[in-house]
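Residue numbers (our numbering), protein chains in the order written: chain E, 10 to 299; chain B, 18 to 310.
Incorrect hints may have been included.
As the list claims (entries may be wrong) - With the C-beta cut set under 10 Å, the calculated list includes, among others, these residues of chain E facing chain B: (1) Leu21; (2) Leu91; (3) Met107.
Everything labelled a hint here was simulated from the structure, so no lab data went into it. As the structure is a computational prediction, the values presented were derived from the model and not from experiment. Just so you know, even glycine gets a beta-carbon here, dropped at the ideal spot from N, CA and C.
Below are the chains, spelled out letter by letter.
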Amino acid sequence: MTSVSTRRVKALPVIIWGYIIWSLVPVVIAVIYSFNDGRSRTVWKGFSFRWWFGDKYASVFHDPSMRHAIVNSLVLAVTTMLIVTPLGLALAIGSHRMKGKSAAAVQGMTSVPLITPEIVVGAALLLTFTRLFSGIPLGYPAQLLGNVTFSVSAVVVIVRARLVSIGSSFEEAARDLGATRFQALRFVLMPMLWPSIMASFVVVFATVIDDFVITSFLSAGVDSETVPLRIYSSVKGGATPALNALATLLVLTTFTALTIGVFGLSFWRKRHGETGGFKAALADLTRMGE
Amino acid sequence: MNKAARLWAALAAPGAFWLLFFFAVPFYAVACVAFGSIDPIFRDAIPQWNPLHWSFSEFGAVFSSVTSGPLRGVFARTIVYVVSAMIMSFAIGFPVAYYLARHAGKRRMLLLLLIIAPFWVNYLMRMLAWVNLLSPSGLFSRFVGMFGIHYNWLDGSPITVILGLVYGYVPFLILPLYATLERLDWRLVEAARDLGATSRQAFRVVTVPMAKAGVAAAAVLIALPMFGDYYTNDLLSRSPKTEMLGNQIDYYINNSSQPQRGAILVIMLSTLLLIALSWYLRSTSKIGKERVR
Numbered sequence: 010m011t012s013v014s015t016r017r018v019k020a021l022p023v024i025i026w027g028y029i030i031w032s033l034v035p036v037v038i039a040v041i042y043s044f045n046d047g048r049s050r051t052v053w054k055g056f057s058f059r060w061w062f063g064d065k066y067a068s069v070f071h072d073p074s075m076r077h078a079i080v081n082s083l084v085l086a087v088t089t090m091l092i093v094t095p096l097g098l099a100l101a102i103g104s105h106r107m108k109g110k111s112a113a114a115v116q117g118m119t120s121v122p123l124i125t126p127e128i129v130v131g132a133a134l135l136l137t138f139t140r141l142f143s144g145i146p147l148g149y150p151a152q153l154l155g156n157v158t159f160s161v162s163a164v165v166v167i168v169r170a171r172l173v174s175i176g177s178s179f180e181e182a183a184r185d186l187g188a189t190r191f192q193a194l195r196f197v198l199m200p201m202l203w204p205s206i207m208a209s210f211v212v213v214f215a216t217v218i219d220d221f222v223i224t225s226f227l228s229a230g231v232d233s234e235t236v237p238l239r240i241y242s243s244v245k246g247g248a249t250p251a252l253n254a255l256a257t258l259l260v261l262t263t264f265t266a267l268t269i270g271v272f273g274l275s276f277w278r279k280r281h282g283e284t285g286g287f288k289a290a291l292a293d294l295t296r297m298g299e
Numbered sequence: 018m019n020k021a022a023r024l025w026a027a028l029a030a031p032g033a034f035w036l037l038f039f040f041a042v043p044f045y046a047v048a049c050v051a052f053g054s055i056d057p058i059f060r061d062a063i064p065q066w067n068p069l070h071w072s073f074s075e076f077g078a079v080f081s082s083v084t085s086g087p088l089r090g091v092f093a094r095t096i097v098y099v100v101s102a103m104i105m106s107f108a109i110g111f112p113v114a115y116y117l118a119r120h121a122g123k124r125r126m127l128l129l130l131l132i133i134a135p136f137w138v139n140y141l142m143r144m145l146a147w148v149n150l151l152s153p154s155g156l157f158s159r160f161v162g163m164f165g166i167h168y169n170w171l172d173g174s175p176i177t178v179i180l181g182l183v184y185g186y187v188p189f190l191i192l193p194l195y196a197t198l199e200r201l202d203w204r205l206v207e208a209a210r211d212l213g214a215t216s217r218q219a220f221r222v223v224t225v226p227m228a229k230a231g232v233a234a235a236a237v238l239i240a241l242p243m244f245g246d247y248y249t250n251d252l253l254s255r256s257p258k259t260e261m262l263g264n265q266i267d268y269y270i271n272n273s274s275q276p277q278r279g280a281i282l283v284i285m286l287s288t289l290l291l292i293a294l295s296w297y298l299r300s301t302s303k304i305g306k307e308r309v310r
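Can you build the whole structure from these sequences, using the hints too?
This is how it looks when you write it as structure tokens:
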């Protein structure tokens, strides 16, 4: 009996390392091939920076359409992040404190986007922007509105988890000491919400810069092409390793944002005497707390 | 309404109205397109904004195509692909999450980071990686070619599409599974073992009931996007032989002049998922009740 269960436990490390290799090695190979000296994404011809910046026309740093896609991606991710974080923060605080039927309605409406496939949201918004709110042109404006709509709920989830863990005692203490409700909110609750605001910034940035479906449904041709759209449209053609380099750049951007987030959050926790540190910071960003 | 209630309502208002205008209204717009009419000359959809004048004839036509026409294959394929991909994802994801939660020991942090990594590698980058490997001159094709296996992986192969779905979504399954398993009270399992249960019995009688709700939630979390997936299929196959529901929606809404069909398929997909979700909610509320008892 024991031998069976120990054998089973011994098989598990093999599975886990097998999984890690299977999930990461293809990506690592794709990154390596971005340094290929040849024109092919599959046949290795030696190491070079040709497709990163060596080639004056077709490398990531010189190809105008790739540079354009990078700028579009960054602009979309940063602006979405700046709009959606305050919007979601206010919605989370308000709906957390509201009572009765209206509270239930608002909370219900915030949780529906979390369980709706992106294709449904993308299709619905496309039909709306082309037939009902036709003042909103496809391209960047529609992509911005679509990404804000799809990320609001994520911010609410992050902030609400923090609100639950803070509780109401600090605000009550401030009220007892003579603070108005607004002052208690502004000077007591807000500073304690910082980690969730940081986490929202990072999660929204990383989600939007990686977003494909909504951004693609609401795009208006090459002008509003982002990096994921560019990858999608060129994967099947005879694209050069510059495409691998572009995708690598995207992954690096996401990872940089997340690293800043993890270290920022664990630094904040340490300074404010909260436990959990690195692991809690990681959990904030992967929504594992849910 | 007292002062406090007004403050909270004012805070919630911008976000709530945003969701009303850009989430609830668009759903209504989908229905208005689906149940509207078609321009006789340009074949474009004319939305019917008044629900009293909705026409269900086109919906009926699409529905009969699902039950006994060309769309039947698409629906069946979607369900078969998603269910197979889910089973494989669990076969891979559960042992990984279980080991990470229970036996990882001092390596846990490193393993956790390595397992979180693909979660944040762009989905299209991960698909690009496999397209490169599976293309006829790719490393994987050349590798299996050495064993005499010559197969065109990227030309409408259901195996590639299903494995692509597994590869794409398994990271999104592992993390919530891990979070569930890590929070379980494993002392109860030890207690069962101390009281004479075999490890298999303890797993079945103690672990499974405790983990059921979290596992079901994780399953829903990957099933929903899989049902709406079209890009995995497009990148790894782009063949009518493997077409799924998402591909049809993408085609009708984005590439054809028949958005009405697309809108109808969106409604059908949403209904399908709603049925699955309500089944899930009912079973989890049952689990909650069992636990109280």
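Structure-based check of each hint:
no.: 1; hint: Leu21; verdict: 4 Å, holds
no.: 2; hint: Leu91; verdict: 14 Å, violated
no.: 3; hint: Met107; verdict: 5 Å, holds
Violated hints amount to a single one, hint 2; each of the other numbered hints is respected by the structure.
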